[in-house]
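Start from the sequences, fold in the hints, and give me the full structure.
Listed below are the residues making up each chain.
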Amino acid sequence: VIGDEDRLAREAVEQLVPAEPSGFFDAFWKRAAEEERRRAQRWRRVAVAVAVASGVVVAVAGVYAAPAVFSSSTVRSSVVDRAYACAVLPHGGQTWVDLEGFPRIPYVDAQHNPSGKAGPKPAIFSLATVERTGTDGKALPPFSQLGFKDVKGSLFVDRSACRPSPRRVALSQAGLVAQGAVTVQFGQFNDRCVSARRVVFHVRVVLRGGTPTSAKVAVRNDDAKSRPIAYVDWTPKRIVYFLDPNCVAKK
Amino acid sequence: LAAYIYGVGADVVYAAERFRSDGSQRALFGPPTERARFERMLDRHHRRLRRLVAGLIADRDRVDDVLQEAYLKAFRGLPGAFANDAHEATWLYRIVYRCCLDELRRRRRRRESPAAEVVVAAVSADAQPRLELEDAFRALAPDDRAVLLLVGVVGLDYETAAAILHVPRGTLAWRLSGARARFREVLS
Chain A
3 VIGDEDRLAR
13 EAVEQLVPAE
23 PSGFFDAFWK
33 RAAEEERRRA
43 QRWRRVAVAV
53 AVASGVVVAV
63 AGVYAAPAVF
73 SSSTVRSSVV
83 DRAYACAVLP
93 HGGQTWVDLE
103 GFPRIPYVDA
113 QHNPSGKAGP
123 KPAIFSLATV
133 ERTGTDGKAL
143 PPFSQLGFKD
153 VKGSLFVDRS
163 ACRPSPRRVA
173 LSQAGLVAQG
183 AVTVQFGQFN
193 DRCVSARRVV
203 FHVRVVLRGG
213 TPTSAKVAVR
223 NDDAKSRPIA
233 YVDWTPKRIV
243 YFLDPNCVAK
253 K
Chain B
38 LAAYIYGVGA
48 DVVYAAERFR
58 SDGSQRALFG
68 PPTERARFER
78 MLDRHHRRLR
88 RLVAGLIADR
98 DRVDDVLQEA
108 YLKAFRGLPG
118 AFANDAHEAT
128 WLYRIVYRCC
138 LDELRRRRRR
148 RESPAAEVVV
158 AAVSADAQPR
168 LELEDAFRAL
178 APDDRAVLLL
188 VGVVGLDYET
198 AAAILHVPRG
208 TLAWRLSGAR
218 ARFREVLS
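Residue numbers (this note's numbering), protein chains in the order written: chain A, 3 to 253; chain B, 38 to 225.
In case anyone wonders, no lab produced these hints; they're calculated from the structure. Note that CB positions come from ideal geometry on N, CA and C, so glycine has one too. Certain hints may be false.
As the list claims (entries may be wrong) - Label pairs and their in silico Cβ distance ranges:
1. G25/A to G215/B: 38 to 46 Å
2. A210/B to E37/A: 32 to 40 Å
3. F27/A to R147/B: 47 to 55 Å
4. Q43/A to D102/B: 20 to 28 Å
5. V60/A to L138/B: 23 to 31 Å
6. V65/A to D98/B: 54 to 62 Å
7. E37/A to A218/B: 37 to 45 Å
Structure below.
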């Protein structure tokens, strides 16, 4: 056996090798063709799946991006931050300003709704320094010198009575008395405050698509002492206000 | 005829196959020269590869399947060109060798063994020495069989065989010596 292992191995292998089937290569090429076809199908499926997935991703991205695009193009936010000095019309030698505010009420019947229609009543804030009346004693418009509602384009400043002021008025309740918060459940406020012959107010209104969504208003006498009169933190659902202790609620 | 088929005629054969009416041969084989090249390569190595597979897996029923599987892999990854004949042989033999190892692994997982004993029981007494030789070869470990097959049966040089087994030349020589010794031992 020694030195003869390779020959013996060859003999052993010859016994292990089966007879070659006649159609070995035909079968092989057929199998190769099948394999190739399957691979092509697999790639086609993968390509279709990738295309579908890409489409879905693009669609989803479009859906998510749409509101952002919409909001940025059509529902723009802006802030109005101004100070105005307004004349205060004396009444029998006294000067005062009227402040009024109420939140949005979801439903009010037509009789009690300023719009004359049943439905929601918009939230309002108004500051009146000049009350004009006609010969019949009825108030004449403009009814306020600063006013806004949670309605598009409602921000109003009476430029006939008010002028832009360079004075800086802090949007703060310092020196005022907290009057609480007005919500849908807790009505409204309508107060009259004694003032100097001129007042200055600082208003900062956040508008979304032209509709006031929040506002801060600070009112002071426009004189040497510059005593604070009112500070109002307004949103359509909740109004927090601070007044001078001498202010009185109007009937 | 062979020259015609393997030469320029391969293109014509390929084209004819692609447009065969039964559709079975209309696969996209890639460039026709690839098939011709692969056929020429198999023509050079097929007989020896068949012995290698038969000796390594030692299961007559699986030889053709394993070979076809290996050829499929080889055809799929056929390089554009080989540096030389040794490179070509190393590449092809290594694919076949690895397919054999896969087959042995699969068999181990299935806990199957080739039905050699059944064959022994069915043959006549005068065939006994040949079966003993076959059994002795089967009794060797696959690593021993591989090295004996590549060098002793197929007749490859040490460098090529070492490259196929992914071992240094010295390791191959050492393994070959050990395999021969163990074969001798089993036979005696």
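To see whether the hints hold, each was checked on the structure:
no. : hint                        : verdict
1   : G25/A to G215/B: 38 to 46 Å : holds, 40 Å
2   : A210/B to E37/A: 32 to 40 Å : holds, 39 Å
3   : F27/A to R147/B: 47 to 55 Å : violated, 29 Å
4   : Q43/A to D102/B: 20 to 28 Å : holds, 23 Å
5   : V60/A to L138/B: 23 to 31 Å : violated, 47 Å
6   : V65/A to D98/B: 54 to 62 Å  : holds, 59 Å
7   : E37/A to A218/B: 37 to 45 Å : holds, 43 Å
The structure fails to meet hints 3, 5 from the earlier list, while all remaining hints are met.
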